[in-house]
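Turn these sequences into a full structure, and let the hints steer you where they fit.
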Amino acid sequence: MLEANGLHKRYGNLVAVEEVSFVARAGETIGLLGPNGAGKTTSVSMIAGLLDPDRGQVLIDGALVHGETDPLKGKMGLVPQEMALHDELSARDNLALFGALYGMRGAGLRRAIDGALDLAGLSDRANDKVATFSGGMKRRLNLGSALLHDPEILLLDEPTVGVDPQSRNAIFDNLEEFRRRGKTIVYTTHYMEEAERLCDKIIIIDHGKVIANDRLEGVRRLVPRVNVIELEMEHRGVDGWYAGLRLLDDVEAVEMVDQRLQVAVRDLTSASPRVLEWLRERGYRFGHLATQRADLETVFLTLTGRSVRNA
Amino acid sequence: MNYTAFLALVRRDLRLFFTDRRAMIMSFVAPILIASFFGYIFGGASSQAAPSKIRVAAVDLDGSEMSRKLVAALAADQALALTAEPLEQVRSEVQAGHMVVAAVIPKGFEDQAARAFVRNVDKPEIQLLYDPSHGPELAMVRGLLTQHVMEVVSSEVFTGQNSGKYLEAGRRELEQAQGLDAPSKRALQQLLGAVAQLNGRARINPQGAAAAGGFSLPYTVKPEGVTARRGQAYNGMAHSFAGMSVQFILFMGIDAGMMMLYQRRNGLWKRMQAAPISRFVMIGSRAASSALIAMVILTVVFGFARAVFHVRIEGSMPGFVLVCAAFSIMTATFGLLVSVLGKTPEATRGLAILVTLILVMLGGSWVPAFLFPQWLQSASFAVPTRWAVDGLDGMVWRGLDWTAALAPGAAMLGFAVLFGGVAVWRFRWETAA
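Residue numbers (my numbering), protein chains in the order written: chain A, 1 to 311; chain B, 1 to 433.
Be a bit skeptical, because a hint or two may be false.
In silico lysine to any residue, SDA-like type, Cα no more than 25 Å apart, as pairs [said to hold, decoys possible]: (1) A:K75 / B:M1; (2) A:K75 / A:G62; (3) B:K123 / B:A84; (4) A:K129 / B:F6; (5) B:K343 / A:N13; (6) A:K75 / A:F172; (7) B:K53 / B:L87; (8) B:K222 / B:T146; (9) A:K75 / B:F6; (10) A:K183 / A:G218; (11) A:K75 / A:N13; (12) B:K165 / B:A73; (13) A:K129 / B:M24; (14) B:K343 / B:A288; (15) B:K69 / B:E125; (16) A:K129 / B:R21; (17) A:K75 / B:Y3; (18) A:K129 / A:G162; (19) A:K129 / B:N266; (20) A:K209 / A:L64; (21) A:K129 / B:D20; (22) A:K75 / B:W429; (23) B:K343 / A:N36; (24) B:K343 / A:R10; (25) A:K129 / B:Q263.
Hints listed in this document are in silico derivations from the structure and should not be mistaken for laboratory results.
The structure is reproduced here in structure tokens:
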């Protein structure tokens, strides 16, 4: 079990993370959600021992993780946001190095390497230089490197950035298998659909603060009545042209994402005519209209007034 | 300490280095090529090679017997490559850099020089037009010119065809000379008279008289370069290979530091930090691999110098190993220092190379430190490269024993302690998220 208690980190005047706390039990997947710069990576870095928190502590199975060489760090595996691989070395040599960092060697290391290569779907490319791999292959190897020493807790920092759908699904399959084996996953992302698929528990972070921390259903219930009207506008319009919509009754939030206008409303029946009338009166035309139930994107939009991608 | 991780990281660094074509070229090919070039310029593998001649032009405006002999004497000098040029051309030749010095012998040179030789008056003026970028050669040409003028003029005055005329003119001038007391005048006139008598006998009986000729240098020299052994010629390659090894190994040290900065940037550092290993394993393994690579470079470069240019370790082999090891360790800590003090690879590389070039220059890698001004020779002991070059020179071609390696070894290890200490002190565990 992983516990983060009151983690706090400041850089000069900037508070990067403020009192972040959560518990992740065996077999649980925790999603840390938030836009870029929200404090997700800083939180994971403090848990992994990359950063010393100004305040707060990290415990594994009740024991405090402390110091560079604490053996408890071996219970965690980190998948950094970057492709933390040596391009000039083969996949096998990369894995051999990363295994050795955890004291692995000999036959045990060789077995673990074969397992990681198999998991990453790279057994047939084991001796090829990583520089020759696609982005998706590197991502899979990045994940395999963190699983090599069979950690109890896996920390993943935006592990699917720039990944093709096939590799993304492969990564998800691996993570679901990892969870089925009773392991703990802490997963940071700003892709809400990923969190909805993978996570049992959601922690939404914005400006370094936790603004929601609950199971997926519980977070959804934070905005129980919210629905979203989504309109594909014919023109983007000038910045902020849609601000007036926010003043209408039952409208919770309004956001433009690309050329799509997203209006979060409490009561779809009463609010949608008002929204459409407001647009018609001002001559704003749209080509397509759809409605959807509250998802995590909506929750974030409602809680912060911004979409994750625009935050 | 996690030795498995330590050794794996060292192996990783070695493999990355030896599979990097650019690193191989910079660390092995470049020092060998440049050292060979500098070694050739500074005397090559054997001191027996003939030195370059100085290009000198002579303009004879006098056209006398004496001036012709002077030009012939200069032309026969082994140190000079003399050509006769017309006056209107020499200035542009020197300006264009085609000639180092042009000596213009003025009209009336013979008469004036002969009179001035006896009476120290009305000296003729030989104009020397020289290329200002060749100051040392000018000094050498002046010295040679002095020698040949003295030999030719004294020969002509004492034993030449016109000797009688010059001696008689000299005696007459002595009679009229002001400022000389009577005994001095008499003594000088007797001297000139005796020379005239000697010349007269030489003409009647050339075999029996004293050898004809004027003044000549009253000594000869036997130069001997003091190297490891008597009779052992100085091998100019030895110093240049030492200097270039030092330079390019320091560049390798910078690259090692750069690699740590790149690893911070691309996430590899995070993966290492997340593992239960200490900072000493992380930076110590880097230092160990750098030191090993430096030793390999030294071995290969000096191996090449031995095989091709016959550069041998004339001094103590253990002393040579000590100097190499101390320099390698110093280089490794220098790389750590670069990585610790640098913020980004881009911002750090240029500054680190500049600092290295200054260290190398002050260390005497490019030109031997004895060419420096005295104060700089003393000051340059404040940089580790000076100790490295001196230590290698001492063990390689000076042929010194192992005790001479102790001071350079201790100095470089002292620098290593300093650099390593600062690196550990300033080491940033954290990389801003």
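We went through each hint and held it up to the structure:
no., hint, result
1, A:K75 / B:M1, "holds (18 Å)"
2, A:K75 / A:G62, "holds (13 Å)"
3, B:K123 / B:A84, "holds (23 Å)"
4, A:K129 / B:F6, "holds (23 Å)"
5, B:K343 / A:N13, "holds (21 Å)"
6, A:K75 / A:F172, "holds (21 Å)"
7, B:K53 / B:L87, "holds (22 Å)"
8, B:K222 / B:T146, "holds (21 Å)"
9, A:K75 / B:F6, "holds (20 Å)"
10, A:K183 / A:G218, "holds (23 Å)"
11, A:K75 / A:N13, "violated (34 Å)"
12, B:K165 / B:A73, "holds (23 Å)"
13, A:K129 / B:M24, "holds (19 Å)"
14, B:K343 / B:A288, "holds (23 Å)"
15, B:K69 / B:E125, "holds (17 Å)"
16, A:K129 / B:R21, "holds (15 Å)"
17, A:K75 / B:Y3, "holds (19 Å)"
18, A:K129 / A:G162, "holds (20 Å)"
19, A:K129 / B:N266, "holds (17 Å)"
20, A:K209 / A:L64, "holds (23 Å)"
21, A:K129 / B:D20, "holds (13 Å)"
22, A:K75 / B:W429, "holds (21 Å)"
23, B:K343 / A:N36, "holds (23 Å)"
24, B:K343 / A:R10, "holds (20 Å)"
25, A:K129 / B:Q263, "holds (18 Å)"
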